[in-house]
Amino acid sequence: EIVLTQPPLSSPVTLGQPASIPCRSSETLLHNDGNTYLSWLQQRPGQSPRLLLYKISHRFSGVPDRFSGSGAGTAFTLKISRVEAEDVGIYYCAQATQFPWTFGQGTQVEL
Amino acid sequence: QVTLRESGPALVKSTQTLTLTCSFSGFSLSGSGVSGMSLSWIRRSPGKALEWLARVDWDDDKYYRPSLKARVTIYKDTSRNQVVLTMTNVDPVDTGTYFCARSYFDSSSGWQSFDYWGQGIPVTVSS
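For the record, the sequence lines run as chains A and B. In terms of this note's numbering, the numbers along the first sequence are unbroken and rise by one, the last being 111. In terms of this note's numbering, the numbers along the second sequence are unbroken and rise by one, the last being 1127.
In isolation and in its complexed conformation, chain A is listed as follows:
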């Protein structure tokens, strides 16, 4: 099973400032179809998870362009260019390259 690691568990941020959230995979997430199925999800307090990015950097419909993703192989990063108050929550990376699909333990973003 692929293990996704998201250090740290908690990340304090400042409004208007950038933020980065790392995710490391125990194995390459490059699928044999040429895609890398690494997604980023946001879970605001009291809400269900919401897809932000898929295939590393593809922004899902309605997601603000202040969210971006980068990386390849086993190392990935979610970046928020300018943090807003509504960005508080838990951010998960998830992989759909290999079964079973797995998630990171999440990084709590707090002001």
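Since the hints were made in silico from the structure, they are not lab data. These figures come from a predicted structure and were not determined experimentally. You can take every hint at face value.
Simulated coverage check for chain A against chain B, where a stretch passes if three residues somewhere in it have a Cβ under 8 angstroms from a Cβ of chain B:
(1) 35-45
(2) 53-65
(3) 95-107
Ideal Cβ placement from N, Cα and C applies to all residues, glycine included.
On the provided structure of chain A, position chain B as indicated by the hints.
Chain B only, in chain A's frame:
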């Protein structure tokens, strides 16, 4: 508008069978040879990360978490726009919030995973 909603019991006793239903609208769990939808069940247990449990695809292919394969069954009712998860012989460690989530596949671009989620249903397994 895509919506998903989980339903089922809030409390189940140890060793019983848990049955959860995901009712969805705004899309069909069908597809062709080049694209289609799938639905997964995912849970979050107290103090643990999100855990993918099972998936059913538009062509009725099914996939299970190996550690749970002996206890979990997933199936779809396309005419009712529902996907059902059954889990036998539940234990208090199965306590958590259960979500259903959609994924979309296209042969030209691959998977768009976990693009829509239900609000989740909390389930407690009592001993």
